[in-house]
Amino acid sequence: MTDLLFLVLSAVTLVSAVLVVVNRNAVNAAMFFLLSLVGTAGLFVLLDAYLLAFVLILVYAGAVVSLFLFIIMLLDTRPEAQKPFKKMTVAASLLGGLLLFTGVLSLVLRFTPAPVGADPALAPVGASLKAYAEQLFTTYLLPVQVVGFLLLVAMLGVIVLSKRFQEPESRSQNSGGTA
Amino acid sequence: MLHAGLEQYVLVSALLFALGFFGVLLRKNTLVIYMCLELMLVASTLALVAFSRFNGTMDGNVFVFFILTIAAAEVAVGLAIIVALFRQRHTVQVEELNHLKN
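Going down the list, the protein sequences come from chains A and B. Just so you know, we're using my numbering here: the first sequence kicks off at 1443 and counts up by one. Just so you know, we're using my numbering here: the second sequence kicks off at 10 and counts up by one.
No wet-lab data here; the hints were simulated from the structure. These numbers were taken from a predicted model, which means no experiment stands behind them. Glycine included, each C-beta is placed from N, C-alpha and C at the ideal position. None of the hints are false.
In the BS3-like style, the derived pairs of lysine-lysine whose C-alpha atoms are separated by at most 25 Å in a straight line are: (1) Lys110(B) / Lys1528(A); (2) Lys37(B) / Lys110(B); (3) Lys1529(A) / Lys37(B); (4) Lys37(B) / Lys1528(A).
Rough simulated footprint, nothing fancy, chain B against chain A, three-plus residues with beta-carbon under 8 Å: (5) 1447-1460; (6) 1543-1552; (7) 1582-1589.
Hey, can you work out the whole structure from these sequences and the hints?
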């Protein structure tokens, strides 16, 4: 049963990732990205990381994908149907992706102690909320503070980036605004 | 309820990462490139959760928290940059954004 679920969820994740890459329309790509995220969240549930699955759906599907859709509709980009991909680009990208895949996989599988994964009696430490809280407030207290500060900086950066600054003397001219 | 081993999860994660990389190399639309970057981040979180689960440690799960936070901040800043770029150049296709070249 779990094996079947794993197969289905990973198939959903990978197929929709392929469709994100090959889809011409940016809105459809965002929708398939959403589907891929849902598949990943299902895989998280299979790995007993319930909180992370929930947070993934909440943050990614809730915030990130809707922000993407908002920007896509705001910018009103036309579907790039006019130009097919160059053969050379496709070949080089495929080669690069395959090289990366084999490199990562061989690196990981060489250094992974294989029999560890075969132990089904291993306690699911990621299943309890208490473990997260304990780690975040003891071992990772400083990184939590730093990440909070990073969020503040990102917020200020977004405000600065999206505001149109104009010099007082050039306000009468029809300058395009240097954002 | 644990039959699919660590290798299978790592395989899915590596495939997802490679697909994201493929998309970054292939696509011309900046927004779709950005989406593929996010796909790569999600693939790395999947690997971290799988390693954490199969080794019985908590660290990978906590790292996923940080990755999610930083990804959210990154998306906000990156999309603001793309909007600012679109205001200046009126395009989001990377092949037309070559003003540094000349």
